[in-house]
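Chemist: Using the sequences and the hints, build the whole thing.
In order, the protein sequence lines correspond to chains F and X. The numbering of the first sequence is the UniProt record's numbering, which starts it at 1 and goes up by one. The numbering of the second sequence is the UniProt record's numbering, which starts it at 1 and goes up by one.
Simulated from the structure, these hints should not be mistaken for laboratory data. Keep in mind the model is a prediction, meaning the values are calculated, not measured. Do not rely on the hints blindly, as some may be mistaken.
Pulled a few chain X residues facing chain F out of the computed Cβ check, cut under 8 angstroms [unchecked claim]: (1) G47; (2) V144; (3) D281; (4) S298.
Ideal placement from N, C-alpha and C gives every residue a C-beta, glycine not left out.
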Amino acid sequence: MITRLSAAEIAREIAARKVSAVEVAQACLGRIASLDEGYGCFLKVDADQTLAQARAAQAKIDSGEAGPLAGVPVAVKDNLSTEGLETTCASKILKGYVPPYDATVVSRLKAGGMPILGKTNLDEFAMGTSTENSAFQVTRNPWDPTRSPGGSSGGSAAAVCAEMAPLGLGSDTGGSIRQPAALCGVVGFKPTYGRCSRYGLVAFASSLDQIGPLARTVEDAALLAEVVTGHDPRDSTSLPDSTIRSDGLKKSSLKGVRFALPKELFSDSNEPGVLEQVQAAIETLRREGAAFGEVSMPSIVYGVTTYYIIAPAEASSNLARFDGVRYGPRAEEGAEHVGVVERTRAEGFGHEVKARIMIGTYALSAGYYDAYYLRAQQVRSRMRREMDAVFQGCDAILSPTSPVVAFKIGELSKDPLALKLLDYCTIPANLGGNPGVSLNCGFSGGLPVGLQLVGPAMADERLLQIAYSVEQALPEAHRRPPVP
Amino acid sequence: MPSYLASIGMEVHAELDTRSKMFCRCPVAFGGEPNTRVCPVCLGLPGSLPVPNRAATEMVLRTALALNCTIATNSVFHRKNYFYPDLPKGYQVSQYGETNPIGYAGWIDIPKADGSIKRVRIRRVHLEEDTGKLMHLPAGGSGVDFNRSGVPLMEIVTDFPPDIESAEEAKEYLVQLRSTLLYLGVCDGKMEEGSLRCEPNISVRPEGSAEYGTKTELKNLNSFRSVQLGVRYEIERQIAALGRGERIRQETRGWHEGREESFPMRTKEEENDYRYFPDPDLVPMAFDEAMRERARTSLPELPLAKARRYAEQSGLSAQDCALLTADQAWAEFFEQAVALGAPPKPVCNWMNSDFAKRLNEDGIGWKASKITPAHLVDLVKLIESDAISGKTAKEVFAESFESGEMPSAVVLAKGLVQISDRDQIEAAVREAIEANPASVAKYKSGQTGVAGFFVGQVMRATGGQANPGLVQEAVKAALEKV
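Modeler: Structure, rendered in C-alpha cells:
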C-alpha cells in the first residue's frame, strides 16, 4: 500500500516510474475519504485541485525538472494561506474566506511539485494543545480515537499518523508541532525562528510562530524542511541563507554526542510513564556512545507564565484585523462601526481566543505594559542567555516533549490551566528561537511518548542529524498505529 | 479683559514621494479607481507581512538631518492599536517613544515679519504608514478605499512648550517646512491633495501665567491660508470663551473652509489607549555613522540658508530672496541667470513679476515653459544697454514666452530696436522745431508744457522707436537754445 510508505520511499517509487504522482494523490484522497470521518483531521479537501496539482507535478517529473519530493502530497494546517482554497484557522470569523494568495511555504510546495491534500484542523488560531478548540470539529488520535491528538497542529499530526498523508505542515508557537507529534507518535520539527518564512501564516504570536514539518520519519521531516525553508524577502524576520539542507542527515552517529538534561524538565510534573520511557531511551542512547549531563536552567519554570503574556499580547494585536470589514462573516449591517465590530468579533471568536485577546490587551495597556509585557521580555532574554550557556557544553537539550501521553477528549477542556502546562517542555525553544524536534521513543499504556531534542539557533542540520541517529537507535520509533 | 498669549504646537504629516508603499510594492499615486492599488499586505489580509521601504527610511533620515535632529542609532517600529474601518490591520505601524523616532530633538529657523529669525524646536520626525480612506457611496452607505493604505507617511511634531505664538508664525513654520521638504525631494507638498497635512494644537493663557491653557486640535486644514485663518479663529474663539468665563474643552475640532469657522469633532475623553508595543514583524532600523554621513552630505542647501546667501551676495531685499528661494527650481533659474552675467536685481524683478505671472496663468514651472535663464539675461541686457525701452521689453517678453524666440531675435524681427543715437534724435528734434514755429513761440512766452508736443512729434517721426528719455532731453536743450 503506497500510503504506508514514507515520503522518501514514495518519492523513490515515483522517480522509478513505479507509481505516478496522480496515483499517489488518489490513494491519499481515497484514504481520507474512507477514514477521516472517524478522525476529523481535514477541514477542507478539494480533490480536483489536488489532482490538478498532481498532474502538474507528474508533468514536471516527466520533463525531468522536479524537486526531490515531487509528487509527494502534503496535508497543510488551516492557518496557512492557500490561494483559492478556504482558509479558516478553524474559526467562524474566517468561515468562507478564500485567500487570493499562497503562503510562501505553500508556493514552495507547489514549486516543488508537492500537491496539497487539504487543510487540516487546529485549535482556533492555533491557540490550544488539544485541537478541541476548533470551531468546526474535534480531531481524534489514531492510537485511540477517544483521545486527543494534541495540538494545535493536531489535524496534520493525526493525518500523518493515520497514513492519510505522508507529510504535514504545522505551525509551532509554544509547541504546536512537537506536542501533537509526541501524542501521535510521529516526528515534528520546529526550525530556528527565521529559517521558515512566516509570510502567509495567519499570525498568532509573530515573535514565536514558526512553520515546520510533521512526518513519520526524521528523514521525511528533513526532506520537507529543505523544501519549505530558506530566505524569503517577503518576511522581514526571515534569516539569510536559511535553507535547511538534508544531504548530511545520515552522516553521523551518536558517538560523542553530548546531551544536556535540564533537571527542571525532568520534574515529577511529568507522568511516571513518560519519565520511564524517556529514561529508558537515554540508557539506549548511552549504550550507543552518547554522553549525558544534568544541567539547570532556572528560568524555565517561568516559561509558561512568560509565554502566556507575550503570546496573548501579540495575538491581541494580530487578531485585531478580524473586524468583518474586508473578509469573513460580518454581524448585521447598518449599525455603527463600533457595534458591527463588537458583534462580529463576539460571534466570530471562540471562548479561548477571546480569553487570550483579553489577557493580551490587558498586558499591553497603559500602566501595565512595564509590569507585564516588558518584564516578560526580560525573562525571555534571560532564558536565552541560560540556553546559550547550556549549549556551550552540549549538542542538544534532551527532555520529554509532553509531560503526558494522549489524554481523553474533553478530559482537560474544563481545566485550561492544565492544558497550558502541557507546553512546559516545548515553550523554551519558542522563547529562545531555537530549533526543536520531537520523535517517538516508546509507549506508556499503549500510547506514544515523545522525546524532544532542542539545539542551538541555526544548528538545525546538526539537530536533525542527531535526531536521525536517535531514531535509528530506538526500536519503538516507527510502530504503526492501530488503523486499517 | 487680560491680554492673552497663544501657544501653538504643529503636527505635520507628509506623504513621502516614494514609488511604492511603505511595506509592500503597490505604487503610490493620487486618485484613481478605489482599491486598484492594493495587495494582501496593504489590505491587511490574514498572514501577510510588512517589508520596509528603504527609500522611505532614507527620506526620513535626510529630513531629520535637515531639521537638525539627533538620529536614533536603533529605531523601532511600533504598533498603534485601535479599531477603525480605514485601518485594515487594526493597528497602524508607527514609532513611539521620545528617543526612538528616526530623528528627535531638532529645530528649524523661520523668518519673522520684522526680518528677524525665530527658531522652532522639533520634538520628533518619525516614519509610519497611512490609513485607507472612508468614502460615502453615491448609492448610500460607506466604503473604504485602500489605495492610500500603507503609503509612507512622515510625522513631524514641534516640541513642548510650543515656540510658535501666532497664526502668522504657524503659517510661516509650515511654509518653511514645506519648502524644506520640497528641496529634499521627499514630499510633493500638495496640501489640497492631502499629501501634506497639518494639525495644529492651540491653547491660550493669560499673560504672566506660567501654566499652559487647555489645547484644542484643528483638522481639515488644506492650504496655508486655512492654517493661518484656522489658528487665528481658534485663538480668538478661545480668548472670547475665557472672557465669558467658560472653560476650554480638550477636543479635536474641524475647520469649515466655506464658513471659515471651527466646529467640534470629538473630545479627548473618547480617545483610545493605543497599547503601543514594538512590531514583532519588523526588525529595528539601524543607522550607523557612515549612513548618517552619507545622508548628511547629500543634503541640498536649504531655502533659508540660500535666501541669506542671496541677500549677502546680491543685496536683494529679504522679501525678494524669500520669493526666489521658496522653490528650488526657481532659485536655480535665478542662479543660472546671474551666472550668465545678468545683474541680480532686474533678473529678480522680471522673475517675480511678468515671468511668475505668466507661469501662474499657465499653471506650470519654468522648466515646462519656453523661457530659459539665457532668455531673461538677453532681455535684461537689451534694457540695460538702452536697446529697448521698459515698455517694449514687456512686449518682447510676452512674445518670447509664447514662441521661445530669444528677446534680441524678437527685437530684430519686429524692428523694435530703440533709437538712442543722439545725432539722429537731435536731427529729428530740429526738424520738429523748424516745422512748428507757432509752438516754439508759445514755449518762449512761458508755456513750457508745449515741450510735450515736440516729444510727441519726434516719437511719431521715429515710429515710436526713439529712446523717450533722450528725446525729452534733446527737446528741452533745443528749445532753450532757440
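Chemist: So, for every hint listed, does it hold in this structure?
Modeler: Checked hints:
no.	hint	verdict
1	G47	holds, 4 angstroms
2	V144	holds, 7 angstroms
3	D281	holds, 5 angstroms
4	S298	violated, 25 angstroms
Hint check: a violation occurs at hint 4 only; the rest are consistent with the structure.
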